[in-house]
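Visitor: Letter by letter, the chains look like this.
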Amino acid sequence: MNRINKLFQEKNSNILSVYFTAGYPNLDDTVPVIQELVKNGVDLIEIGIPFSDPVADGPVIQHSSLISLQNGMSIRKLFSQLENIRQSVEIPLILMGYINPVLQYGVEAFCKKCNEIGIDGLIIPDLPMDVYEEEFKSIFEANNLHNIFLITPQTSDERLKVIDNASSGFIYMVSSNATTGTKTSVSDFQKQYFERINSKKLKNPRLIGFGISNAETFKNACQYASGAIIGSAFVKALEGTGSLEKKVSGFINSIAINV
Amino acid sequence: MMVPNIEELRLKYLEIINSYDFRQEFISLLKHYVGRPSPLYFAKRLSEKYQSKIYLKREDLNHTGSHKINNTIGQILVAKKLGKTRIIAETGAGQHGLATATVCALMGMKCIVYMGAVDVERQAPNVKKMKMLGAEVIPALSGNQTLKDATNEAMRDWINNPVDTHYIIGSVVGPHPYPDMVARFQAVISEEIRWQLEEQTGKENPDRIIACVGGGSNAAGAFYHFLDQEKVELIGVEAAGLGVDTPETAATLTLGSPGVLHSSRSILMQTDDGQITEPYSISAGLDYPGIGPMHANLFKTKRATYLWATDAEVLDAALELTQLEGIIPALESAHALAVLKKIRLKPEEVTVINISGRGDKDMETYLKHFGY
Numbered sequence: 001m002n003r004i005n006k007l008f009q010e011k012n013s014n015i016l017s018v019y020f021t022a023g024y025p026n027l028d029d030t031v032p033v034i035q036e037l038v039k040n041g042v043d044l045i046e047i048g049i050p051f052s053d054p055v056a057d058g059p060v061i062q063h064s065s066l067i068s069l070q071n072g073m074s075i076r077k078l079f080s081q082l083e084n085i086r087q088s089v090e091i092p093l094i095l096m097g098y099i100n101p102v103l104q105y106g107v108e109a110f111c112k113k114c115n116e117i118g119i120d121g122l123i124i125p126d127l128p129m130d131v132y133e134e135e136f137k138s139i140f141e142a143n144n145l146h147n148i149f150l151i152t153p154q155t156s157d158e159r160l161k162v163i164d165n166a167s168s169g170f171i172y173m174v175s176s177n178a179t180t181g182t183k184t185s186v187s188d189f190q191k192q193y194f195e196r197i198n199s200k201k202l203k204n205p206r207l208i209g210f211g212i213s214n215a216e217t218f219k220n221a222c223q224y225a226s227g228a229i230i231g232s233a234f235v236k237a238l239e240g241t242g243s244l245e246k247k248v249s250g251f252i253n254s255i256a257i258n259v
Numbered sequence: 001m002m003v004p005n006i007e008e009l010r011l012k013y014l015e016i017i018n019s020y021d022f023r024q025e026f027i028s029l030l031k032h033y034v035g036r037p038s039p040l041y042f043a044k045r046l047s048e049k050y051q052s053k054i055y056l057k058r059e060d061l062n063h064t065g066s067h068k069i070n071n072t073i074g075q076i077l078v079a080k081k082l083g084k085t086r087i088i089a090e091t092g093a094g095q096h097g098l099a100t101a102t103v104c105a106l107m108g109m110k111c112i113v114y115m116g117a118v119d120v121e122r123q124a125p126n127v128k129k130m131k132m133l134g135a136e137v138i139p140a141l142s143g144n145q146t147l148k149d150a151t152n153e154a155m156r157d158w159i160n161n162p163v164d165t166h167y168i169i170g171s172v173v174g175p176h177p178y179p180d181m182v183a184r185f186q187a188v189i190s191e192e193i194r195w196q197l198e199e200q201t202g203k204e205n206p207d208r209i210i211a212c213v214g215g216g217s218n219a220a221g222a223f224y225h226f227l228d229q230e231k232v233e234l235i236g237v238e239a240a241g242l243g244v245d246t247p248e249t250a251a252t253l254t255l256g257s258p259g260v261l262h263s264s265r266s267i268l269m270q271t272d273d274g275q276i277t278e279p280y281s282i283s284a285g286l287d288y289p290g291i292g293p294m295h296a297n298l299f300k301t302k303r304a305t306y307l308w309a310t311d312a313e314v315l316d317a318a319l320e321l322t323q324l325e326g327i328i329p330a331l332e333s334a335h336a337l338a339v340l341k342k343i344r345l346k347p348e349e350v351t352v353i354n355i356s357g358r359g360d361k362d363m364e365t366y367l368k369h370f371g372y
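Just so you know, the sequences run in chain order U and L.
Under our numbering, the first residue of the first sequence carries the number 1, and numbering increases by one thereafter.
Under our numbering, the first residue of the second sequence carries the number 1, and numbering increases by one thereafter.
The set of hints was computed from the structure by calculation and includes no laboratory data.
Errors might be hidden in some of the hints.
Calculated lysine to aspartate or glutamate pairs in the DMTMM-like style (CA-CA distance at most 25 Å, straight line) [unchecked claim]:
no., chain 1, residue 1, chain 2, residue 2
1, U, K191, L, D157
2, L, K231, L, E192
3, U, K113, L, E15
4, U, K200, U, E10
5, U, K77, L, E192
Keep in mind the model is a prediction, meaning the values are calculated, not measured.
Construct the entire structure; sequences and hints are all you get.
Guide: Shown next as structure tokens:
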């Protein structure tokens with residue numbers, strides 16, 4: 001069974017998913033960051049593949065992507081770093097990135113390699129659904145990879161239904177009309193949106209992401225979904241001096257303290 | 001991420017732009033506000049020099065100084081029909097930003113223009129004009145701080161403001177329906193060339209059309225009504241910068257490979273890893289690392305030919321037109337002129353060159369290079 005499905009079967013609330021950019025702050029930090037996150041009890045990890053033009057991302061992830069690329073990160077390099085990751089890590093791992101680098105690597109080769117390594121799902125925010133269905137779906141499925149779709153407050157009921165049918169892991173519920181790292185608290189507008197989605201009796205569980213940055217926003221988001229995703233705030237916590245071990249444990253403890 | 005933004009536009013744009021009301025208003029504004037039709041001018045001295053018949057399509061004489069206004073007039077009317085109240089745009093040389101700020105002033109709409117911080121510096125006069133027109137100019141500080149980065153910032157703004165905002169993309173790039181919609185608005189260029197040429201020469205098809213290509217909107221407009229006239233040779237000219245054998249270039253079709261940028265699947269300048277590279281050209285309006293998908297298709301099917309011109313060739317061509325015809329072209333448009341030296345012209349052949357914009361904005365560059 002895919003590890004994502006197993007996670008949601010065993011746990012249906014307060015799931016903590018953390019995003020970070022591979023190769024940041026240093027090229028070889030990818031695996032240590034994963035291991036520290038696991039040690040501190042996160043449930044799911046999204047490993048960001050840096051791209052030169054990350055249009056869905058705010059300043060923090062733009063910056064980490066730039067540094068990572070300058071450090072020499074590439075899909076090839078990332079795969080070599082993750083080669084033996086399943087010897088030490090059991091939680092679900094997702095790769096998140098933009099479509100162009102994947103196209104250049106070759107979609108089939110990319111998915112095959114993900115499967116070999118033990119990646120469970122992919123999030124590609126600029127991969128349109130129709131292109132996925134026509135050209136990618138069979139390759140994803142053959143390699144045991146879930147495609148995680150994003151929904152926003154503007155997603156129509158009709159499209160929501162289509163996405164629910166096409167999804168097999170979870171649905172990524174973007175908290176507001178926003179790029180990543182936008183500061184937010186749960187507004188009435190968001191509450192209405194979360195409640196609208198929850199009233200649809202979707203077959204897939206949801207995680208809320210974008211704008212989740214601390215214990216309070218995490219806790220609030222968890223009231224409306226199976227859990228939440230933290231990205232920019234964690235990437236920011238990796239900046240500066242100090243050991244990775246302390247930065248990761250300090251940040252995760254500050255989030256999970258009230259859970 | 002942008003599906004909700006685009007969905008409304010995709011479903012409604014054809015109905016809107018084909019409606020009687022829209023056509024009336026669009027045509028009326030192009031005539032009385034923009035000053036269309038723009039002249040098709042027989043360039044006598046240039047023709048003598050190249051021993052052929054050369055006509056210039058004078059988009060430089062449009063209000064705001066380039067072809068960009070054809071598209072912004074069309075899109076502002078679409079935005080109004082969609083009930084939008086806030087307009088965003090990206091700009092490189094500032095011509096599209098200026099054309100957008102202008103139509104926003106005309107329609108009383110709030111206008112935000114994203115412009116690479118480097119371009120804000122090198123195109124200062126256009127920035128001042130946009131501000132005077134009431135637009136807010138936001139410098140894009142990411143990446144190389146040029147057109148690509150301004151486009152990234154505009155897309156991020158749109159993701160953050162999907163309800164009240166329309167994004168006026170300035171070229172035949174971006175997600176569907178933009179490449180098609182922008183080409184339709186620019187098609188007025190070739191529509192006019194046909195009847196103007198017939199009026200002046202008795203035949204509506206030239207032997208050849210030449211236009212510069214960055215994203216490719218003026219070329220799309222100049223080619224549009226000749227696409228199915230197989231005998232009309234279509235030539236697009238890319239910016240080679242310091243040369244196609246150097247990294248300082250923007251010749252996308254010459255050097256690029258297939259990929260996806262800004263929701264367009266087309267030809268891009270990129271590394272083997274799929275990271276988009278920073279293009280270079282002396283003209284801020286052509287240094288985009290992609291090209292409209294329509295041009296990628298015309299290139300692949302060989303319906304159009306794509307040549308390139310270096311900065312040095314472009315400066316020579318600009319000076320030549322200025323001194324032979326008394327017309328100072330934009331650096332972008334001078335790319336189209338520069339290939340006259342690279343192709344074989346027969347005496348009886350008719351060539352139309354699209355002068356997409358005027359050179360006012362480039363005076364500093366010209367003065368620096370020519371030392372006046």
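Visitor: For K200 of chain U and E10 of chain U, compute the direct alpha-carbon distance and say whether it is at most 25 Å.
Guide: 23 Å, holds
Visitor: Please work out if K77 of chain U and E192 of chain L have their alpha carbons no farther apart than 25 Å.
Guide: 54 Å, violated
Visitor: Do the alpha carbons of K191 of chain U and D157 of chain L lie within 25 Å of each other, as the hint requires?
Guide: Holds, at roughly 23 Å.
Visitor: Going straight from one Cα to the other, do K113 of chain U and E15 of chain L come out at no more than 25 Å?
Guide: Not OK: K113 of chain U and E15 of chain L at ~46 Å, beyond 25 Å, violated.
Visitor: Holds or violated: are the alpha carbons of K231 of chain L and E192 of chain L at most 25 Å from each other?
Guide: 18 Å, holds
Checked against the numbered hints given earlier, the structure breaks hints 3 and 5 and satisfies all the rest.
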